[in-house]
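In the numbering used here, the protein residues as written are 1 to 643.
No lab work stands behind these hints, which were simulated from the structure alone.
Note that the structure is a prediction, hence the values are computed from the model and not measured.
Mixed in with the good hints, there may be bad ones.
Stated by the list, open to error - Label pairs and their calculated CB-CB ranges:
1. 196 / 518: 44 to 50 angstroms
2. 626 / 207: 33 to 39 angstroms
3. 441 / 207: 37 to 43 angstroms
4. 39 / 196: 25 to 31 angstroms
5. 261 / 171: 34 to 40 angstroms
6. 225 / 441: 37 to 43 angstroms
Where is the CB? At the ideal position from N, CA and C, for every residue including glycine.
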Amino acid sequence: MSCNIGRLVKVPFRNNMILGIIWEVNISRTDIMFDSKKIKSIFQKNLYNFTLDQKRIKLLKFVSSYYVASLSSVLKLIFPLKIDFWDNFEKNDVKQEILENYQESTFALKILSQDQQIAFQTISNFCDDKPILLKGVTGSGKTEVYFHLIAENIKKGKQTLVLMPEISLNQDIVNRFIERFNFKPAIWNSKVTKKKKYMIFLNIILGKELIVIGTRSSLFLPFKNLSLLIVDEEHDKSYKQESIVNYNARDMSVLLSKIYQNIKILLLSATPSLETLYNVKIGKYQYLSIDKRYSEISLPEIKIIDMRKSKITNQFWLSEELLLSIVDNLKKKEQILLFLNRKGFANIIACESCFFKLTCKYCSAHLILHKKRQILKCHYCGYRSLIVNFCPQCKEKDTLKTFGAGIEQIEEKIQKIFPSKIVKMVSRELQLSEIEKIVHDMQENKIDILIATQIISKGYNFPNLTLVGVIDDGLRVYKEDLRINEKIYQLLTQIGGRSGRNIKAGKLLIQSYESQTKVLKFLQNYQEKDFIEYELENRKIFQLPPFTRLVNLLFMSKSQDISLEMAKNFIKKFFEVASDMNIKILGPVESVIFKISNYYRYRVLIVAKKDILIQKYIELSLNKVQLKSNEFIKIDVDPQNLV
């Protein structure tokens, strides 16, 4: 039997058959230290002659070495399906459905504006292998540009992958694809059923799926003839996986394009990441921009409301200026979006008698009150408990009070202030069908005031929305985040971009207790270039990305002392193998959330120059560390947060 490298095989393991990939073939080894007769034969299946090509193997090897992850865990990214898929799937049924989808397709593309047309032609004619960044203000029509690029690709019989953050991959964007291309693209995310994924997976291999829209994991699907890779909202932090293999799908998309050379990669954002902008600055990426909205309506007027000085209404979270603006908008029969990135009703429940705060029994995190469902919930481990009317510490009744308004509380109080108006709330806590119903009603002007978390910050177009009010800018909450300025600038720009996208001009009002910070001043005056230069200079001074490489290591154990000892032991081993390198180690320190799911977490942050192969030294150090049961080390290369 042929043993081609990259071939998918069945391997007998104990009493089961499991999937494997032939990774290396060596018939001349003499160092086998056991009876070779005990080596079992593999069972190989044709699978339509499917084999991982050498270029994809190169990508997977890089992911494994760069993110210090085992090859087996990396391979699970590309083969998430179980072995019964290969045994039971009916090839002919799949082919027929896909062929019917594409039969005599007719496109209904929008006519591009002059700026869009220039961007489209430039990208279409671009022959260099550099990644292309298309930066366009909110409402500029970046999506329509890539629709035209996809249409070109389909006519050539080539495949396109559009990567999107989970919160952007909604029915709204799927409907736009259907309207433009007259067929439904393949969707690959956590909500797709296993049966549907089976069908999509095989047809990607066969080259029958011409458009795939997916979240980060879709990057590793084995396309037959992928030639266009689009990373929408490239700045979004959800492209970084936070478990098992902590890869960044945006960065690996760039690498995939570089390895294959015949895949054009397009990065899109109204607020690109600093890493991407820095790559533009040093000439690694091509840069294009669309600086006007498609509707030619001006960008929203932005005003910062200083909550330390502003006259506050009887609702502590609402300034008089924002309240009056809401009233004015309602008089004009125009819609309002109030933004607060806090789930639930309240984020702290405390006893006013003994000051005890209700925390998760498994984590060092506050329990969040969800009043509508009458539960207390931990958003780190998922623990839930019923609401009680006494303090668990001092046992006094009716002494528990709520502090810190969540989105449910905003909805409740806004409805009391405006009882005759239609007020709705949307967050990830709702079912998908509920979210889609609220979005549809908002688009149909059936809602007066919408209160939302960041789930609504991208991709949606509400024609009659002209006022966005930010209840809290978040600057006080996330001060320990090394990317705080960048994230706040991006989020507020995106959420403000929902306002005034059609006929009427919009307004963005931001309530802040940190109103004099430079990030808000830059935002208010649309001084994006100044903000980028300011932030890059700060990153350079404090030795932060993109000028250095960070690796965050979490040492976890159910014993606080053991987790600390694990971290100290690693540092000792690390200096044994990298003593002569210019590498800085910070820690060990307690993580921001010190305990999650009964595991204590100590953090060690490694800082090194970009040209140092720091992963090699980490791997050598880990080889000298022996972990017992219930002891874990999480390695996060290029971390997006340090929680």
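Is 33 to 39 angstroms a correct range for the gap between the Cβ atoms of residue 626 and residue 207? For residue 207 against residue 626, whose Cβ atoms are near 47 angstroms apart, the range 33 to 39 angstroms is violated.
CB-CB spacing for residue 207 and residue 441 relative to the 37 to 43 angstroms hint: 40 angstroms, holds
Is 37 to 43 angstroms a correct range for the gap between the Cβ atoms of residue 225 and residue 441? For residue 225 and residue 441 the Cβ distance comes to about 41 angstroms; the hint holds.
If I claimed the Cβ atoms of residue 196 and residue 518 lie 44 to 50 angstroms apart, would that claim hold in this structure? 48 angstroms, holds
How does the Cβ-Cβ distance of residue 261 and residue 171 compare with 34 to 40 angstroms: does it lie in that range? Since residue 261 and residue 171 have Cβ atoms about 35 angstroms apart, the given range 34 to 40 angstroms holds.
With 25 to 31 angstroms as the target window, see if residue 39 and residue 196 comply at their CB atoms. 38 angstroms, violated
Hints 2, 4 from the earlier list are contradicted by this structure; the remaining hints agree with it.
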